[in-house]
Amino acid sequence: MKRQELLVAALENGTVIDHIPSHKLFEVISVLHLEEMTTKVTIGYNLKSEKMGQKGIIKIADKFFSDEELNQLSVISPNVTLCIIKDFCVVEKKEVKLPDVLKGIVKCANPQCISNNEPMKSLFHVIDKEERTIQCHYCNTEVCLDNVNLV
Amino acid sequence: MENRSLVTLADHSKEKIMYLIRMAQEFEKHPNRKILNGKIAATLFFEPSTRTRLSFETAANRLGARVIGFTDPKVTSSTKGETLKDTIIMVSNYADVIIMRHYLEGAARYASEVTPVPILNAGDGANQHPSQTMLDLYSIYQTQGTLENLNIYLVGDLKYGRTVHSLLMAMRHFNPTFHFISPKELAMPEVYKQYCHKHNIKYVEHTDFNEDTIAGADILYMTRVQRERFTDLMEYERVKDRYLLKLHMLRKAKNNMKILHPLPRVNEIEYAIDDDPHAYYFEQARNGLFTRQALICDSLGITLDDVIADTTIIE
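Those protein sequences? They're chains A and B, same order as listed. According to our numbering, the first sequence is numbered sequentially starting from 172. According to our numbering, the second sequence is numbered sequentially starting from 531.
Simulated from the structure, these hints should not be mistaken for lab results. Nothing here was measured: the structure is a model prediction, and the numbers come from that model. Positions of the beta carbon are idealized from the N, C-alpha and C atoms, including for glycine. Wrong hints could be hidden among the right ones.
[Unchecked claim] Cβ-Cβ distance ranges computed for the label pairs, FRET-style:
(1) B/Arg552 - A/Pro282: 48 to 58 Å
(2) B/Glu765 - A/Met208: 50 to 60 Å
(3) A/Leu321 - B/Asn786: 46 to 56 Å
(4) B/Lys544 - A/Thr304: 24 to 34 Å
(5) A/Lys274 - B/Asn785: 31 to 41 Å
(6) B/Asp762 - A/Met208: 54 to 64 Å
(7) B/Lys544 - A/Tyr216: 52 to 62 Å
(8) A/Asn217 - B/Pro578: 49 to 59 Å
(9) A/Leu321 - B/Glu612: 23 to 33 Å
(10) B/Tyr633 - A/Lys300: 27 to 37 Å
Given only the sequences and the hints, what does the whole structure look like? Please build it.
See the structure below:
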């Protein structure tokens, strides 16, 4: 793609999250709490993508997430591309990995679970990373990550 | 400090289960002691369960502990909107051990995380009821002399029955063969059959319930088929009398076979069976006392050696 066709402005320092499925974009924003950011955030929605047809992209200036924060992305969107930018250059590419434990991200599907009835954080153990199966730490309900609701 | 709560028996190894059985045997020999003199046990019953509460309170009282608590959450601050966490922290200021029954699943796990005081789970919704499972294991051990290589027949409501699911999981250490006898509508859920495959537990499924199907049983574990579990009431009417145990069905039973039931029984075991030597359900309930004595002591850091060396026995 030529420079003049770039759809989102280049970033001097920060993090680029690319290849987000369009329908997942707003969930990614929510999980990373981007609404609380004070630095510049550029969000592209329904952009053209050769690989995906349509995609979302987020560029966050002067922000470098911890692995723990980034791994939360794997819950909603396991195949995003992550680039760390310094001085307009990509200095590191990261993959998101499903962590062993998900705290305060996913809502338990069981309405009778204590985590849905007390002011507390939900907690899940990832029991099968390939099948993306998680189990509630409290009520033991098992569910596939593709069918969960976020907190 | 190590948290000595009992949330689920799934946390316990085979060795720990056998250790608790050994301790319960000591309490069966001498249930009246003062080993818990000066201790306070709180029984917090956020939903009523008279049987379980009486058993736990008797266990604590017979060991010399004093008991505080409530049997009806309507009288507590939870009706004013107090969180479980606040209630537990408040009671932790008073009691050495908290015995809790709650209608929400996972409540016991959560309670054990907000206080250093040990929590004994006396049932959390449809989730776990480890003291029931422990008394079932103890009853099987006491009647068979072992937990190894037994043929265990589970009868009735295998879909919703929490006790049969917990028993199945706790028996994984002991190479059992299970027979699941139930109407199709209340069959053992797929997730537990997968559990059996994963842990190499053998099982056979039946819909017939007669003297021939149960002839090979060492343990016949009866549960109640409840009307409210059926979406199709015609189906209920068709099967409701098929899973009742009648005296004549015991003709081919093995001599060592014992009948267990978590109680309360309605009509699923004919009353005439009560006097038959195979009947064991009332002794089973009594075993709840000894196993709960063991669970309370274990949660307070009292060891089997302490119990054996105990000089506070009241003859």
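Violations among the numbered hints = 1, 5
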